[in-house]
Each structure stands twice: as structure tokens, then as C-alpha cells.
Amino acid sequence: MTAATLTPALSPARRLGPAAGLRHTFTLAWRSLVQIKHNPMELLDLSIQPVMFVLLFTYVFGTAIAGSSGEYLTFMLPGIMVQNALFATMTTGFGLNNDLTKGVFDRLRALPIARWAPLAGRILADTVKQAWSIALLLGVGAVLGFRVGNGVLGVVGAFALLLAFTLAASWISVLVGVLVSEPDKVQIFGFMVIFPLTFTSNIFVPTDRMPGWLQNWVEVNPVTVVADALRGLLVGGPVAGPVLQTLLWGFGIAVIFAPLAVRGLKRRV
Amino acid sequence: MDYAIRAEGLVRRFGATTALAGVDLAVPTGSVFGLLGPNGAGKTTAVRVLATLLRPDEGHATVGGFDVVRDAHRVRQLIGLTGQYASVDETLTGAENLLLIGRLLGLSRVDAKQRARQLLTDFQLSDAADRAAKTYSGGMRRRLDLAASLVGRPQVLFLDEPTTGLDPRSRNDLWDIVRTLVADGVTVLLTTQYLEEADQLAGEIAVVDHGRVIAQGTPEELKAKTGGQTLTVRPTDATNLGAVVAIAGEVSGATPEVAQNAVTVAVNDPSVLPAVVSRLDAAGIPVAELALRGASLDEVFLSLTGHRAEDAPADTDLERTSA
Numbered sequence: 001m002t003a004a005t006l007t008p009a010l011s012p013a014r015r016l017g018p019a020a021g022l023r024h025t026f027t028l029a030w031r032s033l034v035q036i037k038h039n040p041m042e043l044l045d046l047s048i049q050p051v052m053f054v055l056l057f058t059y060v061f062g063t064a065i066a067g068s069s070g071e072y073l074t075f076m077l078p079g080i081m082v083q084n085a086l087f088a089t090m091t092t093g094f095g096l097n098n099d100l101t102k103g104v105f106d107r108l109r110a111l112p113i114a115r116w117a118p119l120a121g122r123i124l125a126d127t128v129k130q131a132w133s134i135a136l137l138l139g140v141g142a143v144l145g146f147r148v149g150n151g152v153l154g155v156v157g158a159f160a161l162l163l164a165f166t167l168a169a170s171w172i173s174v175l176v177g178v179l180v181s182e183p184d185k186v187q188i189f190g191f192m193v194i195f196p197l198t199f200t201s202n203i204f205v206p207t208d209r210m211p212g213w214l215q216n217w218v219e220v221n222p223v224t225v226v227a228d229a230l231r232g233l234l235v236g237g238p239v240a241g242p243v244l245q246t247l248l249w250g251f252g253i254a255v256i257f258a259p260l261a262v263r264g265l266k267r268r269v
Numbered sequence: 270m271d272y273a274i275r276a277e278g279l280v281r282r283f284g285a286t287t288a289l290a291g292v293d294l295a296v297p298t299g300s301v302f303g304l305l306g307p308n309g310a311g312k313t314t315a316v317r318v319l320a321t322l323l324r325p326d327e328g329h330a331t332v333g334g335f336d337v338v339r340d341a342h343r344v345r346q347l348i349g350l351t352g353q354y355a356s357v358d359e360t361l362t363g364a365e366n367l368l369l370i371g372r373l374l375g376l377s378r379v380d381a382k383q384r385a386r387q388l389l390t391d392f393q394l395s396d397a398a399d400r401a402a403k404t405y406s407g408g409m410r411r412r413l414d415l416a417a418s419l420v421g422r423p424q425v426l427f428l429d430e431p432t433t434g435l436d437p438r439s440r441n442d443l444w445d446i447v448r449t450l451v452a453d454g455v456t457v458l459l460t461t462q463y464l465e466e467a468d469q470l471a472g473e474i475a476v477v478d479h480g481r482v483i484a485q486g487t488p489e490e491l492k493a494k495t496g497g498q499t500l501t502v503r504p505t506d507a508t509n510l511g512a513v514v515a516i517a518g519e520v521s522g523a524t525p526e527v528a529q530n531a532v533t534v535a536v537n538d539p540s541v542l543p544a545v546v547s548r549l550d551a552a553g554i555p556v557a558e559l560a561l562r563g564a565s566l567d568e569v570f571l572s573l574t575g576h577r578a579e580d581a582p583a584d585t586d587l588e589r590t591s592a
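Sequences listed follow chains Y and Z, in order. Be aware that the first sequence starts at 1, since it is given in this note's numbering, and climbs by one per residue. Be aware that the second sequence starts at 270, since it is given in this note's numbering, and climbs by one per residue.
Bound conformation, chain Z alone:
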């Protein structure tokens, strides 16, 4: 298979902190690959290494077949980078920002202006083309960031948490743009804390925690790893939660979780549902909600890491501030 991005044994330390503790990645050309993990997991460090912004302490990586350290200049000609740390110039207008990058990439003034106009139109920013980027809304700003990384028609695009902080509508807009790019053959490496985002966009996902890839596969494979399905039981009376936890745990053989007065547990065996129902009935516990559904990636994450994706470790953003 043809791989646009390959990484082997990437290690990167910041002082006493190990941001990457040996990361291997293989991203097929033309695919969307998701790096999923909480803040501080090492996602941003991985992208910064692959985008030639940071040298790895150990290991090596290639993008488009070129080594990110030895052949960094060639790699830079192939990639586009969008992340909160790789920003456009807020004091320039949208059009000027894109013009600047076009000129830096060697386009003539005329070509650079035309490319800027085209991207502004594609990303519905034409009306704001001559306004300073600092006046843009969050969604517009993110679209401009993305447009800026596309000026050079990259073959490999790094999207580092492209929708963090966006409202659902802007997020959907951005997802549509990414899908269009992929349809054009661009390889996308996406990092996200949103499990839904990885599920929506990525064909393959690597789950990252504490600088390591702890699981990898298609969204479906990852879901299957945790038993595939989740049983949710919400007793009418919250005082029965303890009894429900006991029953669900006993029948399923897994450890149930309690959140918002509901008990959830991963199940492998379809016969668990009727067994739980009959046990609840026998115990005389009235139930307000009872559901069996496919596991969300959130639950995948929990079962892989032992903590929820939202539980950011104390060293949140450490990789950024010490970088």
C-alpha cells in the first residue's frame, strides 16, 4: 500500500515530560486518519513533528516519502498545516493573508491574487475578504486558517483540532470541506478530542494517550473492541441505582458506570438484555429508560484508557507551552 505518512518510534521529550513515547503511524495515501486523544496526549506534538516544526528526539518519519528532518524543505512543499498554533496574521485582511502565502509559495502577484479570490469564494469568505482577520467569527476564522493551508494545493493536510470551540453548524461546514478535499485525493491527518468527529471523518483512527498509540483501527473495529454495545438502564427512583449496578454487573460480567442517574455497561452477548429485564422485574425495580445501542467512541476511549476523554490530565497544554 502507498503511505503518505509513516512514523516509526517517534519520541519527543520536553524537559522531564515525555510528550511522545514511541509513536508508530502509517497513513495510506488519500485517506483520512484520525489521532484521537485528550488534551496533553501528545497529538499536537506528533503533528508538529510530522509538519517539520519540531525535531523528534528518537525515531523517524516520512511525509510523501521524504524524511521530515533531513528533507524538511521538500516535506514543506507537500503539506498544509491548520492548527491553533499555526495562525494567520490577525491584523491582515483575509485576502492579504492568502495573498501573502501565495507570494511566499512563489506564485506571481496575479496568480496569488486569483488563488486567494478563489479560496475566499470556495470558503464563503468573499464578503469578508477585505476585513481584518481579527474581526472574523470563530467559524470564519477557522475557514480562513484552512484556506491558508490550502493555497499551495497540499497533498497532505494536517488538521490539528480543526473544530475545537466551534458551534455545531460551523463544525458541520468544516466537516463538509474536509470531505470535499478527501474526494480530491488529499491525505488528511486529523487530531481531535471529539470522538464523534473522528467517527464522522476518519477511515482509520489511532487512539493516543500519554504519548502512545494505545489502539488503532477503523471506527467500527474500535467499537467492536469494547464489546460493541452498551446497555443503559435508568431506574425511575435514583435510590435503586445501587441495585441496578449490582444486577447489570452480575449479568454482563463487566463493570458498570453511573452517570446522570443512569447505569451504563458494555455488553457482548445479546442475551444480556432479556436477562437484565427479568432480574429487574424480579427485584421490583421500576425503570424509566432501558436501551441497548452501539458503543460510542467515548466508551471505547474509556475502556481503553480507564478514563474518559474529557478528563484532561493535569498537564493540559503542557506540550504547547513548553514547545
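Next comes chain Y alone, as it looks inside the complex:
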């Protein structure tokens, strides 16, 4: 038998061009984002928690920690952006695991689309959600009295740096998503790791107020590094050092976790 006898009208292409892969990625990102239309709760989840954290920390702890709520907001907002971004990376692993366990991933894999498009589409959609959260936090901060020290350039830089870092960190989420048996376990992992990781940084409390043994950890904690970089960009202070360290951390995380995640995904499917 030849292909011609079976497919008189159609001669299937042997492989895809990269442009087609990008198109598939955008289509699949649309699929992740259009879900928000049907499940507005997801957008609320994305929005309420960070706003609540900002309000609670500013007014409950602000005076106690920094002397005034305004001063504390300036200190804490860049840090809470990092914390929120890390929590939000769990969306990627959650959604991926959901696709794997529900069978959506297999449906997509049986289509003649780029092999990397389902994952890339999801990450792209989650990056859009990240951008929304960052913008929201900056907006709420501005209303409460957060003053940007470095103008538009600082804001754009902070935005770009945080997005780049979360893009790297989301590989950890992807790895968790391909390893665990059900979506809820991704959330559990998120809480068990990200909560202690972010609270043992300098995002809520300055390092020198903590016990000595903890200070050593806080100083090397990547969350501290990223928070310092955002403070530098948004408020003022040293920029080059923390930004460079943030990029190195992001690079290191991506180099370790992206191959592990891709290998895990290939094994799983």
C-alpha cells in the first residue's frame, strides 16, 4: 500500500515549521486564559490573596515592625510581590497536572502540533496572569501610598526582572506537576515549601531583627535577593548587585529544573 492510494487529496507534511509552533503556543495560551471567563473565581484567587496580604501586613504589622504603616509598605511591597509571584508559579504545575490526569494532554499530543506547544502555551498564559498580579499589587500599593523612587524605568525593570525570575521558577512547578499524582498535591507542595521559604527572607521583617542563626540563611535565601533587587529598582538603593544575583539565581534554577521537568514529562506521557 502507498500513502497515495489512501490519501488522494492530502499529502501530509513531514514536519512543522517554527512559526506553526508559535501559533500553536498562542492558541493554547488562549485556551488557558479563556478559562478565566468561565471561572471568574480564578481571577479573584489571583487578586484577592495578594491584596489581602498587603492590607493585613501594612496595617496589622506595619507600625510594630517599621514604626509607621507607610514606611512599612515601602519596605514590604516589593517583597510581597516576590512571594505572590512564587505562589502564582504553582498555577503552572497545577494546570499541567490537571491536563495530564484528565487526559487533555494526550488529546493534544495526538494532534499534529509542535511537541513543546502545550507546555509553552500554558507557561505563556501563566506569565500573563503573573503580569496581572504584579500590576495589581503595584496599583494597590500606589493607592495605599507606595511611592516609586526610580520612575517608569524602575517599574519596567522590576516588572521584567520579576517576570524573568518567575519564568525560571515555574520550571520547579512544572517538575512538581509532572511528578505528583493529582493537582491538589501541587498546591500542598506550594504551601509546604513556599511559605517557609518566603517567610525566612527579608520580605516582611528586616534581617537584623531576626535571631543570628536565621540571619545567615535569610541573607542567602533567593527570595531575599529578588526582594532586594525589586526594592532597588522600585524604591532606591543598590541595584546592580541584587539584580545580577537574581539573574544568576534564575539562570541556575532554570538550568537545573527545566531539563528535569522535561525529562519527567517525557517519562510520564
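It is worth saying that the hints were derived from the structure and are not from the lab. Because the structure is a prediction, the values reported are computed rather than measured. Among these hints, one or two may not hold up.
[As the list claims (entries may be wrong)] Cut-off 30 Å, straight-line C-alpha distance, at most; resulting in silico cross-link-like pairs (DSS-like, lysine-lysine):
hint	chain 1	residue 1	chain 2	residue 2
1	Y	K129	Y	K102
2	Y	K185	Y	K102
3	Z	K382	Y	K102
4	Z	K403	Y	K102
5	Z	K403	Y	K185
6	Z	K382	Y	K129
7	Z	K382	Z	K403
8	Y	K266	Y	K185
9	Y	K37	Y	K102
10	Z	K403	Y	K37
11	Y	K37	Z	K492
[As the list claims (entries may be wrong)] To give an idea of the chain Z side of the interface with chain Y (calculated C-beta under 8 Å), a few residues:
hint	residue
12	D326
13	R345
14	I348
15	Q353
16	E359
17	T360
18	L369
19	L373
20	L376
C-beta atoms are modelled at their ideal positions from N, C-alpha and C, and glycine is treated no differently.
On the provided structure of chain Y, position chain Z as indicated by the hints.
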């Protein structure tokens, strides 16, 4: 003959379990081919290999003349896949799911929307087009799954247990759809645990057990293999079952089965019926039911495998969870 699907010596292992132990298949273009077997027999693994989702450890297969490993991208352009593991997105509406697939297949937005609308109409889902798929009933959901696999007008369609868990009416609806597709020239590979389903739809059936094809042929050929006919005797008094088993076994030369106070035995020779009647009469055993009929595929399966199709082995679903 022109074959849409060919497989030679397919082997696939999951750890210590061998899901496919050397499967050969040849599915003529334009036909419906049934893979029949209990849970864990290897049907799903076979479909996953043919649909490019899983690489075989040994052997090779072609779909539409293209190798499923080396030319997977081409194979994917020819096939549609419907199975419980290849799902639509529950959070999207029916229309959005079909639109998504149309766009991924390279249709323009307008064409993809039009194709989605047409399929929704064909499958009587128009009223539910803008509802999330998770609100669909089992039958609607299965129709949407099938519609999703037809967006690209596949030449070869894999239906993996398309009606498992459906009520009889939805099952009949789905069967009608499959018949329509076949009339349009689509080649269908169907897996099922339902013997009736294979009998209804498939022109040729391969019976699969423990990763091997243990018998193949038309439904009629398979039925003929087990003697063609089944004799059922139900004594009025269940205490006579033992005596009936002895008589039926002796006369037919086969091993009778007892289920629900009735004795069934495969028979080849039409003279068995009068012989059994006279022996029962001589023994003074009153009979509530006595019937001779063509063997069902269920009985075919029993005689081929030594166990009933319903007796799922302990490793049920293993091929799915470890895949």
C-alpha cells in the same frame, strides 16, 4: 488489499508487566476493526501505540502507510482519537473545545468556528454549545469527545471503549454515528469490552488477552469456532442441576457451564438437542427452559480464553496508571 493500519510484532512493557506481547494487526481501509478483550488485555496500549502516544519497545506499525514512530507527525495528520484518556477540556464550552482543535489544526478563526458549529449540529449538541463540557451528561460528553476527534476529518479513527459507561440509548446513538462515518469511508479501529458492540459494528474482530491476539475473524467466523450454537437447559428444580450437567456434558462432549440455575453448553451437532431431550425425559427431570441458539461473542470469549470477558484480571487499569 489496501490496509489503513498495519502492526507487526508490537511489544510494549511497563516495568515488569508486558502490556503488548507481540501484536500483529491488519485493518483494511474503510473497514471497522474491533479489538475485543477484558480490562488490562492490552487494547488501550495498542491504540496508544498506533495513535503515536506511546513508542513500542519492539515491532513496528504504520497508519496510512506512515510509520507511527519515524513519521509520527504525518500519522497525527491522518488520525482522530477518542478515548477516556484523550479528553476534551472540561472547563471550556463544547464550542470552544472544537474551536481550539480547529485552530490547532490550522483552520482560520472563521473556518474553525464554522466547523465547530457544524459538528455541534451533527452531534445534537447545539443547545449545549456554550455550556462548559463538565456540565454535559455522559452521552453528550462522549459525543463531544467524538466530535473533537473529527474536527480534522480524519481518515483513520481510533475509538477506545467509546461507549463504556453509557446507557443503552446513548450507546445506540453513538453506534449510529460510527456507522455514518464508516459510510463516508473512514477506517475505524474500535476497542471494546462489550461483545455485542464488536458484533454490531465491526466487520472483523481480533480477540485480545494478556497482550496477544488469540483469535481473529469476522463475528460469524468467531462464533463458528466455538461450535456455532449454545444449548441452554434450565431445570424446574435446581437440585437437578447436577444431573443436567452430566447429561449435557455426556451428549455434547463439551464442558457445560452453570449460571443462574441454567446449564449452557456449546454444541456442534444438531442431533444433540433431541438426544438431550430424550435423556432428560428418561431421567424424569422437568425442564423450565430449553433453548438452542447461536453462540454469543461472550461464549466465544470464554471458549478462547478460559475466562469470561467480565472477569477482569487483578491488574485492571494497570496499563493506564503506569503509562
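We went through each hint and held it up to the structure:
| no. | hint | in the structure |
| --- | --- | --- |
| 1 | Y:K129 with Y:K102 | 23 Å, holds |
| 2 | Y:K185 with Y:K102 | 15 Å, holds |
| 3 | Z:K382 with Y:K102 | 25 Å, holds |
| 4 | Z:K403 with Y:K102 | 12 Å, holds |
| 5 | Z:K403 with Y:K185 | 22 Å, holds |
| 6 | Z:K382 with Y:K129 | 26 Å, holds |
| 7 | Z:K382 with Z:K403 | 21 Å, holds |
| 8 | Y:K266 with Y:K185 | 20 Å, holds |
| 9 | Y:K37 with Y:K102 | 21 Å, holds |
| 10 | Z:K403 with Y:K37 | 15 Å, holds |
| 11 | Y:K37 with Z:K492 | 54 Å, violated |
| 12 | D326 | 15 Å, violated |
| 13 | R345 | 4 Å, holds |
| 14 | I348 | 7 Å, holds |
| 15 | Q353 | 7 Å, holds |
| 16 | E359 | 7 Å, holds |
| 17 | T360 | 5 Å, holds |
| 18 | L369 | 5 Å, holds |
| 19 | L373 | 5 Å, holds |
| 20 | L376 | 11 Å, violated |
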